[in-house]
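2 protein chains.
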Amino acid sequence: MGDMRYWSALAKGISPYVPGEQPRIPHLIKLNTNENPYPPSPKVILAVQGAADASLRLYPDPESQALRAAIAKRHGVKPEQVFVGNGSDEVLALAFLAYFDRDEPFRMPDITYSFYPVYAQLFGMAAETVPLEDDFSLPVEKLSGGTGGVIFANPNAPTSLAIGLDDVRAIASSTEGAAIVDEAYVEFGAQSAIALLSDCPNLVVVRTFSKSHALAGLRVGYAIASPDLIEALNRVKNSFNSYPLDRVAQAAATASIEDEHYCQNVLLAIVKTRESFLPRLEALGFTCLPSKANFLFAAHKTHAAARLQKSLREHGVLVRHFNAPRIDNFLRITVGTDDEMERLVFSLQDILSLA
Amino acid sequence: MGDMRYWSALAKGISPYVPGEQPRIPHLIKLNTNENPYPPSPKVILAVQGAADASLRLYPDPESQALRAAIAKRHGVKPEQVFVGNGSDEVLALAFLAYFDRDEPFRMPDITYSFYPVYAQLFGMAAETVPLEDDFSLPVEKLSGGTGGVIFANPNAPTSLAIGLDDVRAIASSTEGAAIVDEAYVEFGAQSAIALLSDCPNLVVVRTFSKSHALAGLRVGYAIASPDLIEALNRVKNSFNSYPLDRVAQAAATASIEDEHYCQNVLLAIVKTRESFLPRLEALGFTCLPSKANFLFAAHKTHAAARLQKSLREHGVLVRHFNAPRIDNFLRITVGTDDEMERLVFSLQDILSLA
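Heads up: the sequence lines are chains A and B, in that order.
Residue 1208 in the working numbering sits at position 201 of the first sequence, and the numbers go up by one each step.
Residue 1328 in the working numbering sits at position 321 of the second sequence, and the numbers go up by one each step.
FYI, nobody ran anything at the bench for these hints, they're computed from the structure.
Please read these numbers as outputs of a predicted model, since none were measured by experiment.
Note that CB positions come from ideal geometry on N, CA and C, so glycine has one too.
No incorrect hints appear here.
With a straight-line cut-off of 20 Å between C-alpha atoms, the simulated SDA-like cross-links for lysine to any residue are: (1) Lys1019/A - Gly1131/B; (2) Lys1317/A - Leu1288/A; (3) Lys1019/A - Asp1235/B.
Derived CB-CB ranges, DEER-like: (4) Ala1076/A - Lys1050/B: 31 to 37 Å; (5) Gly1083/B - His1268/A: 50 to 56 Å; (6) Ser1121/B - Pro1297/A: 50 to 56 Å; (7) Ser1205/A - Ala1313/B: 43 to 49 Å; (8) Met1011/A - Arg1081/B: 24 to 30 Å; (9) Ala1061/B - Thr1154/A: 44 to 50 Å; (10) Lys1050/B - Pro1026/A: 27 to 33 Å; (11) Asp1010/A - Ile1032/B: 49 to 55 Å; (12) Lys1050/A - Gly1009/B: 33 to 39 Å; (13) His1268/A - Ala1313/B: 50 to 56 Å; (14) Ser1121/A - Ser1121/B: 31 to 37 Å.
A few chain B positions that, by computed beta-carbon distances, are all more than 12 Å from chain A: (15) Ser1144; (16) Ser1151; (17) Gly1171; (18) Arg1176; (19) Ser1181; (20) Gln1198; (21) Leu1203; (22) Ser1283.
Based on the sequences and whatever the hints tell you, model everything.
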C-alpha cells in the first residue's frame, strides 16, 4: 500500500469484497459469476432504446414509482411494501443499516454470501456466525432465537441448497430483530418467503434482477416487507443517495418484470440444463449438492478444486473457487447454456484424463 | 410514523435529505433542481441505444475502466486518480467514510449542500460548522486549520458564490485531514481545484455529470485525487457495492465526456442566459448574488420568498426555497432556456404587480 495519511481509520481497517473475475478476454466460457446465459427480454431492449432521449437531462423519479408498482403487482403486495436499489448488494447494505445495531450481534451462517461480513465490518457491527450442518444445509435451529436479527440466503450461496418455508418461518418468528432472507436465486427452484409476510412482521425479502431477469448489467435489486420496515429502508436510502436508480434502469426493469412469460421460459431452460448436467458431472467423479439455484456446487473425489479451476481457465472456462475453510475443495459452476455446459464437460474430460 | 419495532437505532434517529420536487404534472417550468435545460449530447443518445443489447445479462465492469480513462484524459490526470460512482451524492457519501473519522470533527460551512450534515448523521460523525461571511461568501480563514478534514462546495450551493484557487489552496494546505471540494457547479464559472492536485496531496475534487453534462437522469459522479486517496475510496466502495454504475451509464457518460465541444457550447449558452437575466431580476426588485453556477440566488426587497415561491408554482413555475436561518428570504432559481426565463420574468411581473 501507498500513503494512507489522509485515510479514515475505517478505510485503513476494512477488507473489501472481491467479486468474481470480469475478464476482458473474448470467447471465454463465463461460468464464474452466476450470470444468466440468455439475453434479457426483447421488451427490455426496447425500453432501453425508448429511454434514450432528452429526458436524461432530468433527475429520475427518486421513488421509482412505476417500477415499484410493477414489482408489487407481480408479487401481489402493495407498492409501499417495495423498496428498490442499485442491485441487491446496495439493498442489502442499506438493510444492514436499517435493521441491525452495532451493539447487538446479528446471526448469519458461516458459509454464505461473502458480502455479509464485509457490510458488518464497514458498519462496525458484530455477527454471531453459525456453522452450516455437516451436509452444508442451513442450521435452522442455530439461526433461530437471536435478539439482534438474522440474515441468510435461500437458496444459500455458494452451496446452492434451499430450505422450505416452514424452516424460514421458524427462524423468522423466533428472532427478535429483523429477519432478512436474501432470495437472489430463489426463482431457480426454492420457495419465496414473500408468502410468509402476513405471518412474520419482521421479515424482509431481498431480490435481484441480475440472475432470473438476466439484467446483471443494469443493477436493480429490491426488498419486499411490511410498509413499516420499508419506511426504515427509505430513511436510510434518503440519507445516502436519493436517486440510486437511473432513468434507463427503472424503465428496463419495469419492462422486464412485466414480461413474466419470457422470464419463466428462461428459468425453465436453466433448470432443465442444470438437471441434465448434474448427473454428467457426477459421472466424471464429482459430488454435487442438490442445487436449487442457477449454479452447481461440486467437489471432485480425487482432484483438488483449486487445480481444476486453474486447468479449466487454461481451457477457456471460468468457474469460481473459494479459498475458505470447509468449501475449498468445491467449485461453484454457473449453469450456462447447453452448449457452454458441453464445453465444460469436454474440458473436464480432457483435464481428468490427462491428470 | 408506524411501527418501528424492527428498526435499527440509526434508522430511528436520522433525518433524511429532502430533494427538490420532481413533479409528475406536465408543462411546468422546472427551475427548482438545477437540471440542465438542454438535452445531453447526441452521442450520448447513440451510446444508450448502442448499450441496448444482450450484454445487459453480464455484470458491468466493476472498475469502469473505459469511463475512468476518458475522465482522466479530459482532465489531464492518470486513470488511477479517478473514482466513479452513482452520482456525486454516492461519491460524497463514500468519501465521508473514506476520509473522515467519528472521533475527529470535520469542518464545513453552515450554509452549503444540505446532504453533508445528513451523511455526517448517518455515519455518526461530528461537524464543526463555520458560518458564511455576512455577504454569504465562504469563510476561508475559518474553514482553514482543522485537524479532521474539511468539505465545501465551490461554487457553494445554494449561494452560487465561488472562491478563487488561492483560497482553495489556503484551506486545503492548512488542513490536517482530507480537503473535499465539491465542484458540482464549477463548469459554469469557477476555477477547478484539479489544478492544485500536485500542490495539495490531501485534496479530493468531486464532480458530477448531472449539471454540466445534462445527465441527471443517468447518475454518474466522480472524484479526482492522488492515487493513494482514490485507493481509500475504492476500498470503501468495494465494501458497499461492487457495481454502482450500470453498463448503460458507463457507456453514456464516456460518450458525453468525449464530446467536449457539445458540452462547452451548452455551458456557454447557460452562462449567457444567466448574465442576461440577472439584471432583469434586479430590475424587478431582487438582489441577486453574483452567480458562478447554473442558478441564481435571489432575495426580493419587499416580497417574502416563501410567498413568491408559492405564487410562482401557481403560475406553473417551480423554484426552490430553503426554510433555513439566514437564507429563508432567498429563492434558488435554476437558469433554464431563454424562453423559460422569459416565462419566469413574466410570471414575476404578474405576481409583483398584483401583490
